[in-house]
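Note that the protein sequences, when read in sequence, are chains B and W. Sequential numbering from 1 applies to the first sequence in this note's numbering. Sequential numbering from 1 applies to the second sequence in this note's numbering.
What the hints contain is simulated information worked out from the structure, not anything from laboratory work. Be a bit skeptical, because a hint or two may be false.
Chain B residues, not near chain W, derived (Cβ > 10 angstroms throughout) [to be verified]: (1) Leu-78; (2) Pro-101; (3) Ser-179.
So, partial list: chain W residues that the calculated Cβ filter (under 8 angstroms) puts toward chain B [what the hints assert, rightly or not]: (4) Ser-35; (5) Arg-52; (6) Glu-101; (7) Met-114.
A quick note: this is a predicted structure, and the numbers were derived from the prediction, not measured. C-beta: ideal position from N, C-alpha, C; glycine also.
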Amino acid sequence: MTISESTLPRVAAPPRPIRTRLAITLAAYGGLAAVTCLLAPLVGSTQISLARVFDRSIPFADNVDAQIFFVARMPRVLSGAVVGAALAAAGVVLQALLRNPLASPFTLGVSAGSALGAILAISFAADAAFGPFSPVPLASLVGAFLAATVVYAMATRPGRAMSTSILLLAGVTLNSFFSALILFVQYMSDFTEAYRTLRWMMGDLDLGSFAPILGVMPLIGGAFVIFAMLPSSLNLLSVGSDIAATRGVDVARTQRLAFISSALATAAAVALAGPIGFVGIVVPHLVRLMTGVDHRIVLPASALFGASFLVGCDLVARTVLAPVEVPVGIVTAMLGGPFFLWLLLRRG
Amino acid sequence: MSLTAEHVSFRYDARRESAAEFALHDVSVAVQRGSLTGLLGPNGCGKTTLLRLMAGVLQPGQGSVTLNGGSLREIPRRELARQVAVVPQETHPAFDYTVLEMTLMGRHPHLGLMQLEGPDDIAIAHESLAATGTADLAHRAFATLSGGEKQRVVIASALAQSSSVLLLDEPTASLDLAYQLEVASLLSRLNRDRGVTMVLATHDLNLAAALCDSLVLLRAGRVIAQGPPRDVLTAPLVQQLYNVEADVRFHDAAGHLTVVPIRRAR
Chain B
1 MTISESTLPR
11 VAAPPRPIRT
21 RLAITLAAYG
31 GLAAVTCLLA
41 PLVGSTQISL
51 ARVFDRSIPF
61 ADNVDAQIFF
71 VARMPRVLSG
81 AVVGAALAAA
91 GVVLQALLRN
101 PLASPFTLGV
111 SAGSALGAIL
121 AISFAADAAF
131 GPFSPVPLAS
141 LVGAFLAATV
151 VYAMATRPGR
161 AMSTSILLLA
171 GVTLNSFFSA
181 LILFVQYMSD
191 FTEAYRTLRW
201 MMGDLDLGSF
211 APILGVMPLI
221 GGAFVIFAML
231 PSSLNLLSVG
241 SDIAATRGVD
251 VARTQRLAFI
261 SSALATAAAV
271 ALAGPIGFVG
281 IVVPHLVRLM
291 TGVDHRIVLP
301 ASALFGASFL
311 VGCDLVARTV
321 LAPVEVPVGI
331 VTAMLGGPFF
341 LWLLLRRG
Chain W
1 MSLTAEHVSF
11 RYDARRESAA
21 EFALHDVSVA
31 VQRGSLTGLL
41 GPNGCGKTTL
51 LRLMAGVLQP
61 GQGSVTLNGG
71 SLREIPRREL
81 ARQVAVVPQE
91 THPAFDYTVL
101 EMTLMGRHPH
111 LGLMQLEGPD
121 DIAIAHESLA
131 ATGTADLAHR
141 AFATLSGGEK
151 QRVVIASALA
161 QSSSVLLLDE
171 PTASLDLAYQ
181 LEVASLLSRL
191 NRDRGVTMVL
201 ATHDLNLAAA
211 LCDSLVLLRA
221 GRVIAQGPPR
231 DVLTAPLVQQ
241 LYNVEADVRF
251 HDAAGHLTVV
261 PIRRAR
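Could you build all of it, start to finish, from the sequences and the hints given here?
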């Protein structure tokens with residue numbers, strides 16, 4: 001006789017109350033993110049020392065290590081952290097909303113929509129400005145909303161819930177559609193422009209300054225304010241929309257907020273660094289393996305772990321074939337592609 | 001407490017005008033405080049639709065559903081959830097929640113935005129699990145439970161809502177005989193000891209006869225009879241309802257009416 005895993009009672013110590021778990025999670029993942037962001041700028045072609053970076057006795061103008069740390073490398077690390085956090089959190093929200101662990105900004109085509117918007121802005125309106133804002137985040141936002149609206153309309157269509165296969169096919173379709181338009185835009189632009197956008201499409205965190213990060217902060221801020229309101233409703237939505245409604249969740253409002261916030265976060269990430277794939281799938285899954293599935297824990301933990309994850313991937317990207325830099329999107333795809341297939345197999 | 005549907009009509013596709021599209025047509029049902037009401041009828045007769053209307057998940061096209069005289073439309077979702085809880089036919093969470101997490105979700109309408117559950121909520125969840133005989137499953141993954149255990153945990157989650165009304169959609173469907181009896185006695189105990197008012201949709205006529213004070217017979221979206229089991233659970237009405245000839249008689253050992261289907265009526 002065989003004893004399957006499911007027949008054995010899972011003997012586990014009673015879990016700690018949610019407050020304690022949340023505090024431990026924030027401390028652990030927050031600590032990891034802080035350490036990653038502090039150590040990542042130390043790695044690079046020029047050796048620098050952390051002690052010298054923070055040596056107050058040397059004026060900043062004379063402290064080469066501090067300049068390399070803060071001016072040359074920190075913007076790249078911070079943009080990795082912001083993009084990683086945004087994509088991972090958007091992945092968590094979309095997965096709960098669509099009751100589907102395979103949903104993410106990338107697989108649903110929201111990233112691609114956003115990328116199309118950004119590419120149009122980069123190619124045709126790079127010099128335009130709307131007040132203090134560069135046109136790229138705005139165009140990204142329009143593209144992200146366009147794609148998210150299509151997914152939203154399909155997902156909230158009255159009648160049967162959307163199956164995994166339909167959802168993924170819709171994502172594939174949207175991705176192909178937007179990719180074709182992006183290719184067309186590249187085809188129409190001149191050679192150097194086309195190379196620039198091609199490189200951007202592979203994901204690039206090397207911004208050169210803090211300004212672009214500040215530029216997308218309104219989008220990031222808006223997204224995370226909404227994210228903070230969602231987790232307990234997402235728990236219930238992921239159990240079922242009727243049960244959520246009868247437990248006091250305003251289902252239509254929660255769905256709208258979830259789509260808006262994930263589109264905002266995706267647009268910010270894409271505007272900053274191009275369409276970097278798989279972060280929104282890989283990170284939430286790894287986090288769930290470590291923390292359980294309660295969204296009040298998973299959402300903040302994924303945001304923090306997403307930050308560490310992408311900074312880590314970027315570290316690999318700029319060191320593994322040094323002095324040649326691998327685009328960070330290639331690194332996340334090398335990790336994420338097989339991971340996604342493994343998830344598909346495991347679910348099947 | 002009284003939950004009342006008055007002259008309620010509903011159709012899923014409001015654009016179509018033909019009467020045949022009505023899921024429910026001019027249905028009136030009054031659920032008395034502390035009662036156990038059964039909704040009976042063939043597949044697609046509108047039982048689940050009526051439950052969803054009574055839960056405020058759907059809004060009637062015509063007529064109104066009221067709780068203590070106030071229209072459900074006017075009652076905020078959270079407020080309504082503190083008074084009416086629902087046990088769906090099947091529950092398939094997208095993620096691997098533990099039994100305790102599933103049960104604690106019942107506390108949602110009692111918590112403010114971003115408020116985490118406190119010791120009182122956890123005590124209520126454990127008490128709800130104890131009441132449904134699932135206390136020892138608290139830290140198991142919901143997905144690993146058997147059908148009967150899952151159903152009892154979902155009932156516990158609904159109990160944790162501390163509502164006075166429980167709407168159940170085929171609570172014993174897909175359960176084996178032993179689990180059917182178990183869930184039936186659980187419902188009867190909750191009704192008797194806690195005074196929970198219940199409305200349950202079911203295909204199990206014997207369960208309905210054993211548990212319910214009042215039955216509503218629905219066919220093609222219309223009420224064809226309602227009243228105590230002894231009045232409406234008759235061979236002619238069963239035949240009218242399901243198109244099946246049945247033997248209906250009082251079973252001394254069981255202590256309630258029993259219905260044995262004999263053959264399809266011509």
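Hints, one by one, checked against the model:
1. Against chain W, the non-interface label of Leu-78 (chain B) holds: every CB pair exceeds 10 angstroms, the least being about 27 angstroms.
2. Interface exclusion of Pro-101 (chain B) from chain W breaks down, the closest Cβ pair being 7 angstroms apart, not more than 10 angstroms.
3. Residue-level check passed: Ser-179 (chain B) sits 28 angstroms from the nearest beta carbon of chain W, beyond 10 angstroms.
4. This hint is violated: Ser-35 (chain W) has a C-beta 20 angstroms from the nearest C-beta of chain B, more than the 8 angstroms allowed.
5. With 8 angstroms as the threshold, the beta carbon of Arg-52 (chain W) comes within range of chain B, its nearest partner Cβ sitting at about 7 angstroms, so the hint holds.
6. Because the closest C-beta pair between Glu-101 (chain W) and chain B is about 6 angstroms apart, less than 8 angstroms, the hint holds.
7. The interface hint given for Met-114 (chain W) is met, as the beta carbon of that residue sits about 7 angstroms from the closest beta carbon of chain B, less than 8 angstroms.
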